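> Spelled out, the chains give:
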Amino acid sequence: MSHKMTRGKRHLLPQELHPIDQWLRSERMPHIWCAGCGIGPTLYAWVRALDAVGIDKDKVVYVSGIGCCGRGSGYLDVDGFHTTHGRAIPFATGIKLVKPDLCVNVISGDGDIFSIGGNHFIHACRRNVDLLVICTNNFIYGMTGGQLAATTPLGDYSTTTPYGNIEPPFNTPYLADASGAVYVARWTSIHVRLLEKSITEALRMKGFRYIEVLSPCPVNYGRRNRLREVDDIAKWFWQSSVIKNGADTREVQIEKGKPIILGNFVKREKKRSYYNELKKLEEKVKRAAEAKK
Amino acid sequence: MEKTVLTGKHFWYGNIAIAEGAIAAGCRFFAGYPMRFPEIGGIIVQFEDELASMAAILGASWAGAKSMTATSGPGLSLMTENLGLGVMMEVPTVVVNIQRGGPSTGLPTLTAQGDIMQAKWGSHGPYEIIALSPGSPQEAFDLTIRCFNLAEKYRVPVILLASETVGHSAGKVVVPPEDEIKLIDRKKPTVPPEKYLPYKPDEDLIPPMAYAGEGYTICTTGLTHDEKGYPDVSAEVQEKLVRRLNDKIRKHMDEIVDVEEENMEDARIAVVSYGQVSRPAKRAVKMAREEGIKVGNIRLVTIWPFAENVIRKWAKQVELFIVPELNYGQIYLEVKREVAGNSETVLVPRMGGELITPQEIYREIRKVSKK
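Note that the protein sequences, when read in sequence, are chains A and B.
Each residue of the first sequence is one higher than the one before, counting from 1 in my numbering.
Each residue of the second sequence is one higher than the one before, counting from 294 in my numbering.
Hints listed in this document are in silico derivations from the structure and should not be mistaken for laboratory results.
Keep in mind the model is a prediction, meaning the values are calculated, not measured.
Hints may contain errors.
Stated by the list, open to error - Computed list of lysine to aspartate or glutamate pairs in EDC-like fashion (alpha-carbon distance at most 16 Å, straight line):
id	chain 1	residue 1	chain 2	residue 2
1	A	Lys280	B	Glu332
2	B	Lys521	A	Glu27
3	A	Lys267	A	Glu201
4	A	Lys59	B	Glu507
5	A	Lys57	B	Glu507
6	A	Lys292	B	Glu332
7	A	Lys284	B	Glu332
If we strip away everything but chain B, and leave its shape as in the complex, we get (with noise of 0.2 Å):
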C-alpha cells in the first residue's frame, strides 16, 4: 500500500494540501472529484450531485468511516439541505468550500468569501456550526486536519471554508511524521446495546455515537427526536435538543475557538481578517506600525462560532476596527455586533474576483488614524 500521511517537505497547492490533510486525518470516503483514494484503500464516488454526495458523506459517517465532500460555491447551496440533516442526526463529517465569487454561478473560478454567513446559517432552523478558514496551503493542511477532529469530536459537520485563492495558489507545506499528527476519534457507546440511547448525551453534551451494523439498532431521523432517537414534534422535545445542539458548540468556544493576535499590546486600531486576506492585512500593518501607527492584527482562524471573547476584550481597548473582506460586509456584521458601539467598525469590501492589496488596507488605516 502506498503510503498514507506524506511526512517530507512539498510545494501544493492549497488544494492537494486540503486533500493530503484529509488522507493524514483517517478520511477514507470521499464524494466528489478524485483523489488518491485508490492508492490507500479509500472510497471515492463522484457521485450525480452536491445533494447526493452530501447525503452519502452522512450514510459513510454512520457506517464508520471519516468521510468528506469538496465543492466551491454553487455547491454549497445545494449541500445545505443535507448538511441541516447532519446537524440533527449529529453525524461527523467534513465539507470543503473552496469559495468563489457569487451570487449563483457568478465567478467560476475567482476567489471570494461570500459564503460565510450561508455556512452559518444556510439550512434552515437554529443550529450552531463549525467553520475554519485557511490563509495558505500549510494551514489548508493543518485546518483540514483540525475540521476532523472538531467533527469527531463534537459530532458535527464541520466545514473548511477556504477560497480560490488558497485553492489555487502553491506554498511549501511541511507534512509532520505520521506519529505526531493527533488524531480524534468519535466517542463509542460504553454500554450494551440494550441500554444504549442513540441521543442520550454525556455530560459533555455529546452523545456516544454506534456505527450501523454492529447491533445496537440505530433509530436517527431528521425529525425532532428524543434520547432514543425516536421521532417526537412536541415543543418540550425540541427544545431541548436543539438547545443542546446548540449548546454542545456554544459551551466548548474556548476548546473551539482559534484566533491569532499580532501587535495587539498597544493597539488602538485592530484589522480583523481570516482566510487570504489575513495575508494582505499582516503586511499592511507592518507598513503602518513603521509609521508608528498602533495599529494590530487580529486574525481569525475559527469563522463559526464567532470569537465573540475577543473580540468584546479589545473592543475595551481599541478605538477601531478595520474589517477588510471579500464580501459586502459578513464578518464586519459580527465585529460590529461584539463591539456593541465601543468602538468604530469599518469596513473594506471586495466583492469578489481578486484579493484585496495591503496598499488598500493600509492606506484606511492611514485614514483612519489620522481621526
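Isolated chain A (complex conformation) (with noise of 0.2 Å):
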C-alpha cells in the first residue's frame, strides 16, 4: 500500500477503506458541493475507469477551472491543479507537452469550459491535444449564484435570465464533434455505470476526448425551474434520457419538454497528433540538417 492510499485515514484497516479511498484526500472532507450536486458521482466514475484500466496513480493529472466543479482537483489525491477561470485546456496543453507519458484530464464545469473557455475547447479539439476532458454540465453558474451559462436551455429562469433565457445554448458534443474530437459521449451523473464505461473507453484511446455529463444542481439551476426538490433533476433525466450510440450530433440538442439523447456518439481514428506532428517535424529538420553538413 503506497503512502496515498492513507493519507488522512491512516487510523483505518485496510478493510475498513472505501474502494475509492485511495483517490481522495479525505483529510479535506466534507466537501463544498450541495446535496444532490452531480459532481461527486461523475469523479466517482472517473477514478473508477482510472482503476479499471489500471492508470498508475502518480501518472494521473488533474486540471480543472474555476466554478464548483473546479475544486474537484483538490479533492483528489492525484496532481491537481485548479487554474484560472476557463484556462485549465491549455494549461493542461502545456503539462501534456511536456510529459506525453502523463494520463492528462481537464474535469471542469460548463461555464468554465464553453462560457469564458470556449475558444481554448474547440482549438484543443482542433490541434488534436492528447487530453480527456470531462464537463459537468449543470445548465447553469451553479458557485457564483445561478446566472444564466452558454448551456441553459431556452426559456429556462437563471438569476440574470428573471424573464426566461433568449439565448440558443451550445450543443456541446455537436461542438466538439464539429471541432474534431476523437471521442464524444453524453452521459448523466446519474448513469454512473454506462458514464464510467464510456470514461474507460476514452481512457483507452489517445487523442482529444469529450466526455459532457449532466450534472443536476437542484440549489442554483432547478429552484428556478420547478426543479426544486432534491431529487427533481435526476427523475427529470431519468424520465426523459433515451440512449442512442452513434447519434448524429446534430440531432443531440437539449430542448425541454423533449428527449435527451444520451449515449457514446463519436469514435474516430485519427493519426494525426499534435504531439506526433511535432516530434515528425523534429526529425524532418534533423534530416534536412544532416543532408546540409
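Grab the two chains, each in its own frame, and use the hints to assemble them into the complex.
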C-alpha cells in the first residue's frame, strides 16, 4: 500500500477503506458540494474508470478551472491543478506536451469550458491534443449564484434571465464533433455505470476526448426551474433520457420537453496528433540539417 | 541534433538575441510564434491567444520544462490574468514583452516604454514581480538568461521588458561557450513524497518544487492556500501567504537589483534611464560632461523590484534627477517617491513611436544646470 492510500486515514485498517479512498484526500472532507449535486458521482465514475484501466496514480493529472467543479482537483489525491477561469485546457496542454507519458484530464464545468473557455476548447479539439475533457454540465453558473450559462436551455430562468432565457445554448457534443474530437459522449451523473464505461473507453484512447456529463444543480438551477427538490432533476434525467449510441451529434441538442439523447456518439481514428506531428517535424528538420552537412 | 548554444560572434536583431538567450538558458517550451525549436527538440505551440499561451507555459513549467512566451503590448494585457496565477502558484517562467505604443492597439509596432507599471501592477492583488529591461541585442541575450535564472531561483514569473527599438535593431551579440553560461535550476524537494508540503518554504522563503508525475501529488490552486496547497480562504492564511510572496522578492533585493552607474562620483545632476533610452542618455551625459556639467548616469537594468536604495543613496548628493522615458511618467514617479523631496525630479517624456534623441536629454541637462 502506498503512502497515498492512507493519507488522512492512517487509523483505518485496509478492509475499512472505501474502494475509492485511495483516490481521495480524505482529510479535506467534507467537500463544498450541495446535496443532489452531480459532481461527486462524476468523479466517482472517473476514478473507477482509472482503476479499471489500471493507470498508475502517480501518472494521473487533474486540471480544473473555476467554479464548483474546479474544486475537484483539490479533493483527489493526484497531481491537482486548480487554475484560472476557462484556462484549464491550455494549462493541461502545457503539461501534456512536456510529459507525454502522463494521463492528463480536464474536469470542469460548463461555464468554465464553454462560456469563458470556449475558444480553448475548440482549438484543443482542432489540434487533437491528447487530453480527456469531462464537462459537468449543470446548465447554470452554480457557484456564483445561478447566472445564465452558454448551456442554459431556451426559456429557462436564472438570476440574470428572470423572464426566461432568450439565447440558444450550445449543443456541446456537436461542437466537439465538428471541431475534431476523436471521442464524444454524453451521459448524466445518475447513469454512473454507463458513464464509468464510457470514461474507461475514452481513457483507453489517444487524442482529444470529450464527455459531457449532465449534472443536477438543485440549488441554483432546479430551484428556479420547477425542479426544486433534490431529486427532481435526477428524475427528469431518468424519465427523459434516451440512449442512442452513435447518434448524429447535430440531433442531440437539449430542449425542454424533448428527450435527452445520451450515448457514445463519436469514436474516430485520427492519426494526426499535435505531439506526433511536432516530433515528425523535429525529425524532418534534423534530417535536413544532416543533409546539409 | 543542432547546436543548442550558438557560441561565437553574431549580428542579430534583439528579438533573435532573446530567442537564442532563452534556448541557451534551457528553455524548451515556448508558446507563441515559432523559433528554431524543432532543431533542438523543444516544444512549440502557437496558441489561439495570449490567455492560452500564458496558461500553457505555467502548465509546462509544472511538468518540469523551462518555458517562455512573448508578446507586444496588447498581448501582455491578456497574459496578466495568468501572470497572477503564476505568482500565486509560484511558477518559474518568462514573459517577454516587446513594448509598443499604447493604449489599446496603439502603435503597431513602433517603440514605447508604456508598460512599466502594468508589468508591476497589471494583475490584481498585491504582489512583487521581477522585470528586466535590455538596451541592446547583446543585453537582450544576456538578460533573457538572467530572467530564467531569476524565475527558477525565486519561483516567480519574470518579465523581460524590451521594446520595439531593441527587438528590431541589429547589433553584435557575443555568445559565450555553453559551459560558461551559468544556469540556475529550481529547488527540488529533498524529502520523500509523504513528507512533502508543496508550499512550505525554506529559510529563503522559497518552497522546493516537485513536478507533475513524480508521485508528490501536488495540490495547487490560485486560491489562497496553506502549506499543503489546500485552499484556505481565511484572513490569517492570506496574510501569511501574500506576505511571503512579496517578501521572497523584497528580502532578496540586493541579489536581484542591477543598476549601472557612470560619472556619479561628483554628480549634482543624474539622468535615470532604462532600456534603449539609456543609449541617448549616455551620449547626452557625455556631451554635458564635455562642457563641465557635473552630471552622471544611473541606468536601471532591473525595473522591478525598483532600485529604491540606489536612488535614496544618490538623493543625498544629487540635486536633480532627470528621467527620460517613452511614456508620460512611470519610472519618474518611482524616482520621485524615493527622492522624497530631497532633490528635484524632472520628467522628459515621449509618448512612444520614436526614441528620445541625445540632444533632447542634453538640452534638459543644460537647462536645469543653470538653475
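> So, for every hint listed, does it hold in this structure?
Cross-check of the supplied hints:
1. Lys280(A) with Glu332(B): Given pair Lys280(A), Glu332(B) holds - Cα atoms ~11 Å apart, limit 16 Å.
2. Lys521(B) with Glu27(A): OK: Lys521(B) and Glu27(A) at ~11 Å, within 16 Å.
3. Lys267(A) with Glu201(A): Distance of about 10 Å is within 16 Å: holds.
4. Lys59(A) with Glu507(B): 8 Å, holds
5. Lys57(A) with Glu507(B): 10 Å, holds
6. Lys292(A) with Glu332(B): Answer holds: Lys292(A) to Glu332(B) is near 13 Å, not above 16 Å.
7. Lys284(A) with Glu332(B): 9 Å, holds
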